[in-house]
Each structure stands twice: as structure tokens, then as C-alpha cells.
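Position chain B against the provided structure of chain A, taking the given hints into account.
So the protein sequences, as listed, match chains A and B. For the first sequence, position 191 (counting from the first letter as 1) is numbered 193 according to the numbering used here, and the numbering increases by one without interruption. For the second sequence, position 58 (counting from the first letter as 1) is numbered 60 according to the numbering used here, and the numbering increases by one without interruption.
For the record, the hints were derived by calculation from the structure and aren't laboratory data. You can take every hint at face value.
In silico lysine to any residue, SDA-like type, Cα no more than 20 Å apart, as pairs: (1) 168/A to 83/B; (2) 169/A to 246/A; (3) 168/A to 74/B; (4) 200/A to 11/B; (5) 212/B to 148/B.
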Amino acid sequence: MRFPRFLIEQHQLRPRPRRRRFVTVTLAGAVVLAISSCGSSGSTTGTPASAQSKPTFPANTTMARLAAAGKITVGTKFDQPLFGLKGLDSKVAGFDVEIAKIISAGLGIKQDDITFVETPSAQREGAIQQGKVDFVVATYTINDKRKQLVSFAGPYYQAGQDLMVKKDNTTITGPESLRAANAKVCSVSGSTPAEKIKDYVDGSKIVLFDVYSKCADALRTGQVDAVTTDNVILLGLIDAGGGAFKLVGKPFTTEPYGIGIKKGDVAFCQFIDSQLTAASADGRYARAWESTAGKVARATPSLPALTACS
Amino acid sequence: MGVITDNLGLYADGLLGTLKICALVAVAALVLGIVLAGFRVSPVPPLRAVGTAYVTLVRNCPLTIVLFAFAFGLPEVGVNGSYFIFGAAGLTIYTAAFVCEAVRSGIGAVDTGQAEAARSIGLTFSQSLRLVILPQAIRAVIPPLGNVAIAMVKNSAIVGAFGVGGELYSVANTLNGARGEPALPVYAGVVLGYLIIIIPAGLLLLAAEKRFRVAR
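Next comes chain A alone, as it looks inside the complex (with noise of 0.2 Å):
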């Protein structure tokens, strides 16, 4: 018998008929026809915020320089349901932009002129410090590292991390407990909630992605018992997830939201704070809250606190 020394694959390159390449094309065409006509069907979640007509402001201010521009850049989320979420009409919607709205009309400046541009979590403090973007608001929590580098005006809303388990689990009741119940906890890497969570279960009961998504998919499959992050995040995916999973309900930190601006200056942060203050007396703060997060958190929060300006 022979002994089969080579099985070479025989690669046969043959021309490629013409033809081919022009359906390839056409169906190209065909799908990013299909894909721009589902664009127009979006909604837009917009706060009837009345842009006054001309407000004036001390010259050589930010605010100053914006009215007079007309048009302002703002840094939100483009991948966070229920606060700021882009769109298959390429239009970011949610609490943070509907923040981003009641600010920008306090400065005589109308949705339309709002330029939106993405900052995932890294990039916000480079976003501001270079001057690309005029504020921040993208669930940018105020902590001492950040204002080293940055000034917050608000905070305009106060989350917490919390936990999300599957719809039955009753084992669960909050942090205290995942010890006990010897549960995986899964959350993103280099998260201040992966970290956070290490106060109260061991690192090898950690399960690290690079998005929440893969949480919520871990959970459903009973890869991990519970999933955490901040209480407004993990609402997005309860949303999401079409009621397989609940929320546990006992926040276990502090997270204030704050509207990050070039560190410094103090004039801007006072006025976004006036506008804040101006949007939930006459009811703008809670409608924003309600056509967007409200949709899944019953509750309507109050404007927190607000921190001194520095």
C-alpha cells in the first residue's frame, strides 16, 4: 500500500465572472436603501423645552460665547438605553440628553443645534479638556480623582450600584447575601462596580466582560447568579430583557451624576445649576425623567442636592 504523503489542497484560482461583482453591488445598494428607510420611523423623546429668545450673559463668559455661536457640543453616551442611546435614525436619545436639552435652551440654543458627539467613560475627561466638547453629560459620576481634572456642575441625579438577578431568584436580597448564596457576580473590567464588589465576594466568584450585554446573556444562560453596575444601567437591560430579570433594589454606593465642564470654570457651572434648579420647579426635570428612564423606574426622582461650584 502506498503511504499518502501529500494532501495538498488544490487551490484553483480561477477568474471571477463579472457578473457576480454587480450583484454584489446591487445588494449592497439594496441593503443600504433598506437599512436609511427604517431610519425615519424613530421616535424623538423631545422635552418641549421653550427656547427663550435672547437671554444675555456677562461678556468673556462660556455662556456668552455659546448664545452667540448658537450651537453647542455635547458629550453623552451613544450606547446607554434610557440615558443616552443612538438610534436607528442616528439620533441619540435619553435622560442625559434630555439634561443636555433643558441646558442648551437655557442658553437661547435649540435642539436642532445640538451637535451630539460619543464619550464612552475613558475618553470624557480628554474630551473636555481639549475643548471638544462644550459639557458632558454622559452618567459621569462626580468623584475627587475626576475633578482633579475636571469641574461638575450638578449633580442632576443620584444613582447607586445595585444587583440584578433572574426573575425567581429569591437567594439574592442584596450585596450581604451573594456570599452566602456562593454567587457569581458578573459586571464590566475596569468598572468602578468590578471593584467596588470585591468589598463583599472573592475574586474568583468575579466574572469580567467588556459589555454589560454579555452580563445580561451570562445571566440568562445561568452562567453567573447576579449582575452589577449602577441601578440606572441595569435597568436599561431589565428593559431589554423582555422580563426575564429583576432588579434587587438595595443600592449599596452613591452615584452622583454630574455635568462635566473645563475645570475651572465656575461662571458656567453656576448657570448650568440655575437651569437645573429653574427645570425641576416647573416640571421640565420630571417630564425629561418620565419620556425616558420613567418608562422602566416607576419612581420620578427630585433633583438631589446640588454641590457647591469650584
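What follows is chain B alone, placed relative to chain A:
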């Protein structure tokens, strides 16, 4: 550079984590790859088909997809397990395809006379492969196997995104993302970590290549 010296313990843990997964995958992928190479030159057509199908499928699939299939596909059909096992298995399956092709090229480099002589003294196919062909073939493919090993060590960084904690790349995520340390020195530390693994491994391979060189 203060970030690296301040977090030496964390980096060391990451280095150990990466070494652990790489050592496991290196051994498993080498064994699986050699078996697959045997399949590909086997006189039994179904085995050849299995070998060819495996290499065609796995080698042409992005590693992320392979890992995804393990970490999210298996739990979907009811197979639950630790993400370390899923990650190591995924990386093994992927790396074995490349090992297989390197070994197969080595089998091709062994003179036909060797196989014919082995068969003529009455060795079976598997005996001739195991005792005559493979020992010569593996010697010839130490450099390409080294390439595969180095690529595997670097690929282990991707496993970190699939629930396997405590490896070198995830250290950077912890330091840069959660603790807000500047990115550049943090990632420089990660590069150093990989160099600490790869450079000695490369030297070891070079020594092995010299030691086992076939006299021609």
C-alpha cells in the same frame, strides 16, 4: 513608570494568570494539533475529511467567534462551566488548527523513503507515523511551531474579554478603567509582561532548534 512599580503585585498576578492559561493551551494544542495532522495524512478517507474540515473551519474563523461560541454558545445549549475552561478550550481549538498545519508541513518534509522503509519492515500506519515520521517531522517544524506559540500567547489577551479574569491584559483594564491611572504607562507595563513571557520562550525555542537540528 510609578504606576508599574506601585502595582507590581497586580502585574505579577496577571503574569501568572496569563502563564497558567498559556501553559495549559500550549500542551493541549500541541497534542490536538499533532493528532489532527495524523488525521490529515491518514489513509482512512473519513479521518482525512475530519482533519481537513476542522482546519478549514477553525483556521478561517476569527478567534473572537470561536471564543464566543464557547463562552455563550455552550451555556445556550445547557452546558455550563467556568469561563477559564471555556476560554482555554476555545484558544486550544483555535491554536490546534495552526499546529496541525505546521506539523503537516513537517511530515511533507520527511523523505518518502523513510515511510516506505517503515512500511516495508512491517510497521502499521500509526506505528510508522509515531515512530519514524513524526519524530523527524517535529524537529523540522520547531521554528513555525514557535511562531504559533508566540501568536497564542498574544491571543490569550482576547480571552480576557470572555470572562476569564486575572490575566495580564485585564490588569490594564482594572488600572486604567476602574482606578483611573494614565493609560500609556499602564499598557507599557502590559507590554513588558508579555515580553517577559515571550522573549525567554523564543530563546528556549532557538536552543531547541539547534539541539534537535536534523543533520542533512
